[in-house]
Amino acid sequence: EEFDIIFMDQYMASVDKQLLGTETVRALRAKGINSRICGLSANNLEDAFLSSGADYFLSKPMPCRKDDFKCELLTIWKTRLETTSELSIQPTASFSIDNPLAGAVTEVLQESS
Numbered sequence: 001e002e003f004d005i006i007f008m009d010q011y012m013a014s015v016d017k018q019l020l021g022t023e024t025v026r027a028l029r030a031k032g033i034n035s036r037i038c039g040l041s042a043n044n045l046e047d048a049f050l051s052s053g054a055d056y057f058l059s060k061p062m063p064c065r066k067d068d069f070k071c072e073l074l075t076i077w078k079t080r081l082e083t084t085s086e087l088s089i090q091p092t093a094s095f096s097i098d099n100p101l102a103g104a105v106t107e108v109l110q111e112s113s
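Take our numbering: the final residue in the sequence shown is number 113, and no numbers are missing along the way.
I should point out that these hints are in silico values taken from the structure, not numbers from a laboratory. Only true hints are included.
Listed next, the in silico EDC-like pairs over lysine to aspartate or glutamate satisfying Cα-Cα at most 20 Å (straight line): (1) Lys-78 x Glu-2; (2) Lys-60 x Glu-46; (3) Lys-31 x Glu-2; (4) Lys-78 x Asp-67; (5) Lys-60 x Glu-23; (6) Lys-70 x Asp-4; (7) Lys-31 x Glu-1; (8) Lys-60 x Asp-9; (9) Lys-31 x Asp-4; (10) Lys-66 x Asp-4; (11) Lys-78 x Asp-4; (12) Lys-31 x Asp-9; (13) Lys-78 x Glu-46; (14) Lys-60 x Asp-47; (15) Lys-60 x Glu-72; (16) Lys-78 x Asp-68.
So the derived label-pair ranges between C-beta atoms look like this: (17) Asp-9 x Arg-65: 19 to 27 Å; (18) Ser-51 x Tyr-11: 14 to 22 Å; (19) Asn-44 x Met-12: 16 to 24 Å; (20) Arg-65 x Gly-32: 29 to 37 Å; (21) Ser-51 x Lys-78: 19 to 27 Å; (22) Asp-67 x Ile-33: 28 to 36 Å; (23) Ala-30 x Arg-65: 34 to 42 Å; (24) Phe-7 x Asp-67: 13 to 21 Å; (25) Glu-46 x Asp-4: 16 to 24 Å; (26) Leu-19 x Met-62: 16 to 24 Å; (27) Lys-31 x Cys-64: 30 to 38 Å; (28) Glu-23 x Asp-67: 29 to 37 Å.
Beta carbons: idealized from backbone N, C-alpha and C, even for Gly.
Required output: the full structure, derived from the provided sequences and hints.
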């Protein structure tokens with residue numbers, strides 16, 4: 001199963017053992033998971049998440065207002081599109097009318113061109 005965006009906190013309990021978010025990102029990438037991954041932490045772990053294979057990083061607390069959160073989602077989506085060609089990774093979601101986030105991203109990208 002593929003996901004548009006996976007939010008990965010640095011400290012998350014798993015069923016088998018405790019893995020750090022950065023370790024989990026490495027494991028997901030090693031298994032061939034190409035979904036966008038956004039690292040989350042209240043600590044400054046941006047470099048650690050990005051070097052482990054995450055596409056983006058958000059400091060907690062995350063924005064809670066609808067417009068602010070939508071802006072962050074669009075930034076995550078756009079960041080991945082800009083780096084996709086460099087990483088040779090295909091986007092996981094299709095840009096279709098059935099995907100509202102993709103439609104919104106398409107509009108933003110067209111406006112910024």
